[in-house]
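S.K.: Number 128 in numbering that gives the first Met the number 0 belongs to position 129 of the sequence shown; there are no gaps in the numbering.
Just to be clear, a hint being listed does not mean it is correct.
[Claimed, not checked] Between beta-carbon pairs, the in silico distance windows are: (1) GLY80 x LYS142: 37 to 45 Å; (2) ASN96 x ALA40: 16 to 24 Å; (3) ASP145 x GLY80: 42 to 50 Å.
Calculated from the structure, these hints are not laboratory results.
Built from N, CA and C at the ideal position, the CB exists for glycine as well.
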Amino acid sequence: MAKNRIITVQNIPVTVSFEDADDYICITDMAAAKSDNSRAADVIKNWIRSRNTLEFLGTWEQIYNPNFKVVEFDHFKQEAGLHTFTLSVTDWVNNTNAVGIYVKRGRYGGTYAHKDIAFEFASAISPVFKLYLIKEFQRLKEKENDLQKLEWDAKRFLSKNNYLIQTDAVKNYLIPVCNYREDLQWLPYAEEADLLNVALFVFTAKAWRDANPGLARKRKDG
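Use the sequences and the hints to build the structure in full.
M.R.: The structure is reproduced here in structure tokens:
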């Protein structure tokens with residue numbers, strides 16, 4: 000899967016980045032729906048300083064982030080609503096150890112938020128924009144799932160077609176050379192099969208069964 004992908008939401012290109020086994024969406028790109036790009040940072044600052052936003056962010060972090068600093072969060076929440084209160088994404092992350100939102104530099108730079116948080120930010124921009132964002136994000140995930148299924152099917156096809164070559168090689172070369180006893184001649188077949196499984200699927204057969212007990216039972220019953 001590509002690390003950065005682009006979806007188009009109401010004619011606005013929005014970057015989706017794959018980070019730590021989950022998707023983060025560039026809310027800097029999204030802010031262009033409310034103002035020009037030069038004011039995107041102001042849109043995000045005004046959003047993050049509100050009490051409702053801070054409560055949402057803090058709750059999300061407490062659910063998913065065991066290293067979140069709740070005391071610092073409570074301090075920000077008490078200050079929220081005051082005319083003198085200002086807060087940037089960088090200040091939020093540095094003070095609370097938050098992981099749901101971050102600032103990326105360089106190419107594809109901007110402020111990125113976990114998809115849960117990005118959808119909440121979209122609500123502040125426009126309910127209509129949020130609906131189109133969800134729709135395009137779902138379309139992206141369906142496309143990626145289809146590609147992963149095709150890749151898996153291709154690997155299974157290669158594995159199946161190489162199986163006879165593999166078993167013939169074991170029979171003709173490994174068993175005679177290693178002098179396996181007749182009752183242990185299944186061992187080299189199993190070992191070579193696991194090597195092929197690891198090369199193609201990054202799993203031995205046993206590891207796959209342990210990681211997918213439900214699918215393994217279904218495959219056995221079917």
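S.K.: Compare the structure with each hint and give your call.
M.R.: Evaluated hints:
1. GLY80 x LYS142: 37 to 45 Å: About 42 Å separates the Cβ atoms of GLY80 and LYS142, which means 37 to 45 Å holds.
2. ASN96 x ALA40: 16 to 24 Å: holds (22 Å)
3. ASP145 x GLY80: 42 to 50 Å: 47 Å Cβ-Cβ, so the 42 to 50 Å window holds.
Checked against the numbered hints above, the structure breaks none of them.
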